[in-house]
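Trainee: Sequence order for the protein chains is A and B.
Numbering follows our numbering, in which position 168 of the first sequence is assigned residue number 168; successive positions increment by one, without gaps.
Numbering follows our numbering, in which position 387 of the second sequence is assigned residue number 387; successive positions increment by one, without gaps.
Note that these hints are calculated values from the structure, not bench results.
There could be a bad hint or two in this list.
[What the hints assert, rightly or not] Just the calculated beta-carbon pair ranges, DEER-fashion:
| id | chain 1 | residue 1 | chain 2 | residue 2 | range |
| --- | --- | --- | --- | --- | --- |
| 1 | A | Q42 | B | R496 | 57 to 65 Å |
| 2 | B | E492 | A | Q55 | 39 to 47 Å |
| 3 | A | H28 | B | D388 | 47 to 55 Å |
| 4 | B | A87 | A | V108 | 24 to 32 Å |
| 5 | A | T12 | B | R192 | 45 to 53 Å |
| 6 | A | V155 | B | D503 | 22 to 30 Å |
| 7 | A | E47 | B | Q274 | 31 to 39 Å |
| 8 | A | M143 | B | T326 | 49 to 57 Å |
| 9 | B | E479 | A | Q55 | 26 to 34 Å |
Backbone N, C-alpha and C fix where the C-beta goes; we use that ideal spot for every residue, glycine too.
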Amino acid sequence: MLQYLAKRLLLTLPTLLAVSLLVFLMLHLVPGDPAIIFFGDQPVTPERLEQVRRQMGLHRPLLVQYLDFLGGAMRGDLGRSIHNNTPVLEEVTSRIGSSAQLALAAFVVAGGLGLSLGLVSALRRSTWVDAAAMLMALGGVSMPIFWLAAMLIFVFSIKLGWFPVTGFGGWNRLVLPAFALGFVSSATLARLVRSSVLEVLWQPYVTTARSKGLRETLVVRRHVLKNALIAVVTVMGLQLGTLLSGAVITETVFARPGVGKLMVDAISAKDFPLVQGAVLFVALVYIVVNLLVDLSYAYLDPRIRFE
Amino acid sequence: MEHIRRREFLRRAGVTAGALAASQIMPRFVNPRAAYAQAQATGTLTYGMAGGFDTLDVTTTTFTRVGRIGLHIVDPLVWSTGAGQYAPGLATSWTISPDATVYTFKLREDVKFHDGTPFNAEAVKVTFDRIVDPETRAQTAFSFIGPYDRTEVVDRYTVRVRFKSGHAAFLNGASSPYLGIVSPAAVQRYGRDFGRVVFVGTGPFMLQSYRTDAEVRLIRNPNYNWGARIFKHDGLPYLQSIVYRIVPEEATRLATLETGESLFIEDVPVTDYQRLKSARDKVLLEIPQGGSGWSLMMNQTRAPMNELPVRRAVMHAIDKEGLVRTVWNNIYKAACSPLTPVMFGFDQETCRKVTYNPDQARRLLEEAGWRAGPDGVRVKGNERLRLDFYLQPTPQKNQEMAAFIQANLRQVGMDVTLHVLARAGYLDAVRQGRHHFQYWWDTGTDPGQMLRILFHSRNAGGGTNRNNYRNQDMDRLIEQIEATADPARRKELIVRAQQKVIDEAVMVYLADPPSLYAHDRSVSGVWVDWGGNYPYFYDTRIQR
């Protein structure tokens with residue numbers, strides 16, 4: 001087990017390297033000169049433009065720029081934003097808290113809603129309960145998140161006055177964004193849980209368990225759910241990654257700072273070091289989450305052993 | 001039995017715990033409004049800001065929003081009370097040489113920075129020298145300070161600023177937040193962190209905390225008693241603190257105003273104009289913007305935009321009244337000139353010169369040899385009258401206006417292709433001159449600066465003059481405007497410049513916007529500069 005863990009952790013290095021190279025190349029292949037974007041619609045002389053280009057370090061050959069970045073990254077220095085000179089690490093870490101808070105809360109909502117809706121509709125298959133649960137899931141899948149967010153604000157902030165509209169800090173500022181984000185991901189999950197559970201329900205071992213006289217709740221908990229969860233956990237893992245790094249719309253509507261928004265802003269400003277740093281962070285998140293997912297397989301299915 | 005008992009126990013425990021939790025939580029559920037009320041009572045103004053920014057340092061920023069915040073932290077040397085009118089700020093009096101190259105300021109002697117160091121002539125020199133230092137990478141401040149040469153400390157409280165050539169607009173620059181005086185000691189001490197973590201001036205409010213992309217908290221300066229004469233008092237500000245919160249989404253920002261979470265918001269969308277105007281508990285501030293309204297640049301280096309009749313035809317073919325009605329609900333006004341009507345030297349005559357007249361446009365094109373082709377698009381020789389319009393996808397109104405213009409131009413036989421590109425691609429295209437059309441919109445309060453940005457040949461070829469209009473007479477005219485301090489003479493020159501660019505059909509002026517802010521009725525005493533850019537809360541009170 002430990003050996004397996006060490007191997008997996010070691011494998012993250014080439015992954016991160018590949019990601020950084022890919023991002024670097026893509027950023028430089030897409031048109032747009034960061035110095036020109038920096039000046040935007042402000043008047044500027046060609047000399048000044050050249051000067052800023054030098055300050056940004058863009059006059060150096062591409063390979064040198066990349067190696068410099070790599071060298072710094074090895075030492076834990078991700079460089080500074082070329083636009084406002086802030087250390088990249090600081091820019092990213094200052095937003096991790098807010099992003100993580102939202103992602104975890106949304107994850108709980110998604111997991112709770114998705115699992116219970118999916119399970120209930122599978123167990124009460126072809127009844128009105130099933131239809132209602134799946135209708136809700138359909139709503140979640142097809143509802144644009146900004147619309148849901150706007151409706152939540154309208155009802156719970158403006159009309160009822162229960163929660164603040166925006167911001168971070170304080171759990172009551174977290175409820176609306178977490179619900180909006182979580183509800184949308186819960187829908188996919190619910191549908192997946194339903195189909196996985198249905199599949200397992202007809203397996204011989206479930207029939208065996210029932211015929212041995214086990215109470216239905218135990219049958220579901222020990223035999224059905226545990227076996228149905230493998231596919232579900234994989235998807236949940238991927239969702240957690242997305243929730244952590246891709247909640248741009250939710251972050252924008254509820255005015256929360258976050259890694260997703262940081263990354264989008266950095267890309268549109270072509271702030272090379274900042275994009276690199278943020279993408280590396282996101283890649284790391286995915287790697288870690290994937291690892292956790294893989295480890296959870298062993299718990300869910302004792303036949304899986306990591307040797 | 002055992003099972004049932006356990007379940008029963010769990011159920012009871014659950015209910016108790018739930019009730020307990022609810023009793024703890026419910027008051028907080030209803031809390032938000034009470035919390036806002038409490039904040040108001042303690043004199044905290046919450047401000048919903050439309051977006052983030054680069055730094056808090058007014059010297060290096062490129063964002064108007066930083067000016068909005070910064071004006072509370074730094075004091076300007078002078079205040080602008082109307083187009084071309086100035087009142088004392090940190091400077092008590094000043095003299096200007098006739099050629100506008102030398103400005104001498106007498107400074108207040110009773111002013112201290114937030115870090116306790118005294119404000120004096122040396123601080124002015126350090127602030128201005130820092131603006132032109134290439135390492136600083138100043139932009140907005142850099143263009144405001146113009147042909148800066150050097151600053152001389154005459155004595156402790158007298159300072160002389162010299163320019164390489166006439167700079168009649170310097171007082172206008174000095175009245176902006178961007179040339180506000182910063183603490184030399186703090187600049188020295190914090191280096192790269194200045195503006196990022198700390199920012200120190202002499203203003204009525206001090207920076208308390210800054211969370212990137214989230215909020216800026218200002219707290220009142222307990223020593224402030226040098227309020228400028230143009231305000232209603234000169235002692236401590238009435239507000240305890242100001243919290244600027246970044247709320248990029250329009251609808252959300254408006255929602256924060258409705259719940260009381262924000263007491264003041266900027267960039268009110270035109271779609272909510274009527275509703276806010278008629279709301280009993282809200283106040284809508286509508287200030288005609290200084291600068292240059294929404295307009296269309298026509299790139300003269302790309303055929304057929306080099307043909308005067310084609311540019312004239314475009315000018316007459318666009319129905320501006322229809323445009324402001326359809327796209328802007330008549331809240332914006334049809335524009336006439338490169339300067340908005342509130343600007344010093346705005347020429348009323350321009351409105352009579354550029355009228356909507358599609359027949360005239362067709363006639364001009366006919367005479368220039370552009371004949372209607374089989375599909376309605378005009379042709380000359382083998383060339384079709386096909387024009388490329390480059391624009392950015394946001395704000396949404398960009399695209400609405402473009403569609404309107406496209407339809408208008410089609411009426412007279414021009415085929416316009418819209419290229420909607422994100423910022424990077426857009427700037428690449430227009431700086432390289434691949435466009436026929438692109439938008440322009442700019443705020444500012446100095447006509448000379450506006451005209452230079454739009455029409456001076458030094459800004460052509462990849463700069464801001466993306467008309468790529470090069471005309472020596474125009475260059476000279478702009479330079480004269482910049483070097484003329486005498487108001488009457490200056491006005492005359494500015495009028496001549498406006499008429500010249502209209503006669504030569506350099507640009508098409510579309511719509512003049514107002515700045516729209518809204519606040520809760522409990523807020524009073526908000527001052528906004530005449531250009532509409534900087535709401536200032538020194539005189540502001542919150543009364544419930």
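Trainee: When the hints from earlier in the document are held up against this structure, which numbers fail?
Mentor: Hint check: 1, 3, 4, 5, 6, 7 and 8 fail, others pass.
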